[in-house]
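Asks: Read top to bottom, the protein sequences are chains A and B.
Residues in the first sequence are numbered consecutively from 1, following the numbering used here.
Residues in the second sequence are numbered consecutively from 1, following the numbering used here.
Hints in this document: simulated from the structure, not taken from any laboratory.
Heads up, the beta-carbon is just placed ideally off N, CA and C, and yes, glycines get one too.
Take the hints with a grain of salt, since some may be wrong.
[Said to hold, decoys possible] Chain A is faced by these chain B residues, among others (derived, beta-carbon under 10 Å): (1) 6; (2) 33; (3) 41; (4) 98; (5) 102; (6) 104; (7) 107.
[As the list claims (entries may be wrong)] Below, a sample of chain B positions facing chain A; criterion: calculated Cβ distance under 10 Å: (8) 4; (9) 43; (10) 44; (11) 58; (12) 105.
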Amino acid sequence: ELKVEQNPLFLSMQEGKNYTIYCNYSTTSDRLYWYRQDPGKSLESLFVLLSNGAVKQEGRLMASLDTKARLSTLHITAAVHDLSATYFCAVDISWGGTASKLTFGTGTRLQVTL
Amino acid sequence: GAGVSQSPRYKVAKRGQDVALRCDPISGHVSLFWYQQALGQGPEFLTYFQNEAQLDKSGLPSDRFFAERPEGSVSTLKIQRTQQEDSAVYLCASSLYRAGEQYFGPGTRLTVT
Chain A
1 ELKVEQNPLF
11 LSMQEGKNYT
21 IYCNYSTTSD
31 RLYWYRQDPG
41 KSLESLFVLL
51 SNGAVKQEGR
61 LMASLDTKAR
71 LSTLHITAAV
81 HDLSATYFCA
91 VDISWGGTAS
101 KLTFGTGTRL
111 QVTL
Chain B
1 GAGVSQSPRY
11 KVAKRGQDVA
21 LRCDPISGHV
31 SLFWYQQALG
41 QGPEFLTYFQ
51 NEAQLDKSGL
61 PSDRFFAERP
71 EGSVSTLKIQ
81 RTQQEDSAVY
91 LCASSLYRAG
101 EQYFGPGTRL
111 TVT
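Isolated chain A, as found in the complex:
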C-alpha cells in the first residue's frame, strides 16, 4: 500500500524567512503534484513534477522531485502572509497511461506571521 508522508504537519513561519516542506512516498512513481488548499476551499494545483530531477518554480515557491529517493520538496523563499494555507503533495501511481489515482499526504498547514 502506498504511503505518502509530509513533514512538518504544521509550520509557523515569520515573514521573510525560508523553509522547506518534505514529501516522502513509499513506492515507485514518476509523477507528483503539489496542491494548495485555503480554509473551506478546494484544491488549487501548484506544480506537476513528471520526472526525476524535475524542478519547477512559481514566485516564492519551488518544487523538486527525486524519484530515486522517493522525495519531493516544496521550498518557500521569503515567505509572505498570502502563502498561509495547507499544502498537499499527491503521488500518482498510474502505470502505462491507466487512470491516475492520487494518493495524498496528510498536508502541511503553513502559517506565516508578521
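Following the hints, put chain B in place on chain A, whose structure we already have.
Replies: Same frame as chain A, now just chain B:
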C-alpha cells in the same frame, strides 16, 4: 472556461437519510474522480470513471456508497443510510484524458447529525 462544479455546496443530513451529491466536470473531460476529505486530512480516493464506465471503485468505504455517470458527463455520488462517519467534504475532479492532471471542484461539505 468553466471549471468543475459541485452541488450542493453544503448538505446536512440526519443519520439514516440518503443523500445525492452532484458533479459537473469540465466539458470534454473523459475522466472523473471522487475523493473524500475528512476534517484535517488529505483527500482519499473513492472511485473513478472513464466516460460512463466506472473502472475503479476500490476506495468506496461501504456498499452504502454508490456512484454513477450514465452519460459520461455529470456524475452523482449517492450515500444511503448516512452515518456520522460519512461527514466529510466530497471532492470531484476531472481530467482531459486518463492520466492527465486532475482539476478539482469546490467540494460538497456533508454533515450527518
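Asks: What hints, given by number in increasing order, does this structure fail?
Replies: Those not satisfied: there are none.
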